[in-house]
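**Q** What the sequence shown shows, in my numbering, is residues 1 to 432, in sequence order.
Hints listed in this document are in silico derivations from the structure and should not be mistaken for laboratory results.
Only a predicted model underlies this, so the values are computations on that prediction, with no experimental measurement involved.
Some hints here could point you the wrong way.
In the SDA-like style, the derived pairs of lysine to any residue whose C-alpha atoms are separated by at most 20 Å in a straight line are [as the list claims (entries may be wrong)]:
1. K158 to I188
2. K297 to K404
3. K316 to L347
4. K240 to Q230
5. K417 to S368
6. K220 to P88
7. K220 to P302
8. K220 to K417
9. K86 to K315
10. K309 to V291
11. K158 to K86
12. K202 to F91
13. K404 to F126
14. K107 to Y415
15. K196 to T128
16. K240 to L172
17. K309 to V292
18. K315 to L399
19. K404 to P302
20. K404 to T128
21. K26 to I95
22. K417 to Q99
So the derived label-pair ranges between C-beta atoms look like this [as the list claims (entries may be wrong)]:
23. L411 to F286: 37 to 47 Å
24. N319 to R284: 13 to 23 Å
25. S124 to I362: 46 to 56 Å
26. D65 to T232: 41 to 51 Å
27. L6 to A131: 42 to 52 Å
28. L97 to F132: 52 to 62 Å
29. T290 to P88: 33 to 43 Å
30. L6 to L97: 38 to 48 Å
31. R284 to D392: 20 to 30 Å
32. L347 to A155: 35 to 45 Å
33. L79 to N152: 34 to 44 Å
34. I21 to F132: 34 to 44 Å
Every residue, glycine too, gets a C-beta built ideally from N, C-alpha and C.
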Amino acid sequence: MEISILIALLIGFISCWYFFISLNNKVSFKEFFLMLYVINYLLSPAIIYLIPEEYVFYKMRITADHYFYIASIGLLGILIGVNIIKNPLLFKPNIELIQLESAINKKVLQSWLYAGIALSFIASLFPTEIAFLIYLLSLIRFIGAFGLYSLNPSANWKYVIGVLGYEFIISLRYGMFHDFVMWTVFFIIYYFYFKKITNPKKVLLMFIAFIAVSFIQNSKSTYREALGRQETAGLNTFIKSSKLIQNNNQTNNVFYSDNFINSITRINQGWILASVVDNMDRYRNFQGLTVVIEYFKAALLPRLLAPDKLRAGDKKIFNQFSGTRINDDTSMGIGILGDGYIAYGELGVFIFGFIFGLLFAIIFKIVSGWTKVSPFFFLFIFPILNYSIRPDCELQTILGHIVKSVIIYGLVVNYYKGYFKKNLVHLQNTTN
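Could you put the whole structure together from the sequences, leaning on the hints where they help?
**A** Structure representation (structure tokens):
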């Protein structure tokens, strides 16, 4: 085993362990974010390098030493950027204050829950850009559910189960499971901090969550193919799709089985980075900020002002710079580290990683300011960074999601600022 692969595996396991032990001590969002990137860019590629090439469809196109050097400087940039602005109290919210605020604003939280569900119903009736804004606003249903759970966990767990169950139904309808998986993970992170779960229970819950996510990851592509054949969307079709995958295993060796390799491949953003590096080193057509400007246009300008801007899921840049061509039915993103290499090579990987981490740190600072209005407003971190936390997400999607989310949720916070303050003053006068 090459030393670079061994180090990557070690860092991957350390990252997972650090996330695990931090769960009771804080709302471990930042640790989860960093763990995802380490898994996608170090741990999964290391495993792929260890599997004989004949078993791997998406092969790493550069040597392990070369790849892990580039991935490591990018991840180092992210680590420095995300920690450069300190927000020590944001991820250690005062549970008693959250419960107090939830109690005096229970009706607001309930209205957010029901309004969010209603908005998710009507979003598809509007043009794409307006529908996206409505979608973002509809995510307040999770803030409402989490806030109500904080008030009385034993009585209000039904709200969380309800919104997650509703999200799973939506996922089955469209074959897109990202929101369901992410919001389930976000609640688990919050639940661990709120309830201070013992280590044995943490291990059990994490194991169950891992199996569930792996099951969904292995089944979703076959399920989407079934939907494409006009089969009825629903749990029965989803279960049949998972059975089909189980029956298609081509080897009895678990390490080389289709299920195992597919699972690792789906969380291996490294093969795309390796493909980008191989392609760019071959042709040396580094782009500077040309592609980034295209991303900013797509994220910030309405189509009325930029009719030729990139669309969500546009394959143009991926096909041009990754060295791999994908069809219209396949969704892949180059990722922030790949975009950095396209711009300025190795230096670009570090710079883009640093700026990306810094962007997260700025969001944390903004949300930290919102918690002065109400402590449970820290929960807005989840919908703002819901997509940005994905290592495979396109940069224009990340930028658009963050900018529009901050504006929309900032308006929500500003609207309720006076109302919350008035309720708190009224409660204080009543108790006095």
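**Q** Hints first: check each against the structure and report whether it holds.
**A** Here is what the structure says about each hint:
no.: 1; hint: K158 to I188; verdict: holds (15 Å)
no.: 2; hint: K297 to K404; verdict: holds (14 Å)
no.: 3; hint: K316 to L347; verdict: violated (24 Å)
no.: 4; hint: K240 to Q230; verdict: holds (14 Å)
no.: 5; hint: K417 to S368; verdict: holds (14 Å)
no.: 6; hint: K220 to P88; verdict: violated (38 Å)
no.: 7; hint: K220 to P302; verdict: violated (32 Å)
no.: 8; hint: K220 to K417; verdict: violated (42 Å)
no.: 9; hint: K86 to K315; verdict: violated (37 Å)
no.: 10; hint: K309 to V291; verdict: holds (11 Å)
no.: 11; hint: K158 to K86; verdict: violated (35 Å)
no.: 12; hint: K202 to F91; verdict: holds (19 Å)
no.: 13; hint: K404 to F126; verdict: holds (17 Å)
no.: 14; hint: K107 to Y415; verdict: holds (15 Å)
no.: 15; hint: K196 to T128; verdict: violated (42 Å)
no.: 16; hint: K240 to L172; verdict: holds (13 Å)
no.: 17; hint: K309 to V292; verdict: holds (12 Å)
no.: 18; hint: K315 to L399; verdict: holds (17 Å)
no.: 19; hint: K404 to P302; verdict: holds (12 Å)
no.: 20; hint: K404 to T128; verdict: holds (14 Å)
no.: 21; hint: K26 to I95; verdict: holds (11 Å)
no.: 22; hint: K417 to Q99; verdict: holds (18 Å)
no.: 23; hint: L411 to F286: 37 to 47 Å; verdict: holds (40 Å)
no.: 24; hint: N319 to R284: 13 to 23 Å; verdict: holds (19 Å)
no.: 25; hint: S124 to I362: 46 to 56 Å; verdict: violated (32 Å)
no.: 26; hint: D65 to T232: 41 to 51 Å; verdict: holds (50 Å)
no.: 27; hint: L6 to A131: 42 to 52 Å; verdict: holds (47 Å)
no.: 28; hint: L97 to F132: 52 to 62 Å; verdict: violated (33 Å)
no.: 29; hint: T290 to P88: 33 to 43 Å; verdict: holds (39 Å)
no.: 30; hint: L6 to L97: 38 to 48 Å; verdict: holds (46 Å)
no.: 31; hint: R284 to D392: 20 to 30 Å; verdict: holds (26 Å)
no.: 32; hint: L347 to A155: 35 to 45 Å; verdict: violated (55 Å)
no.: 33; hint: L79 to N152: 34 to 44 Å; verdict: holds (38 Å)
no.: 34; hint: I21 to F132: 34 to 44 Å; verdict: holds (37 Å)
Hints 3, 6, 7, 8, 9, 11, 15, 25, 28 and 32, counting from the list given before, are not met by this structure.
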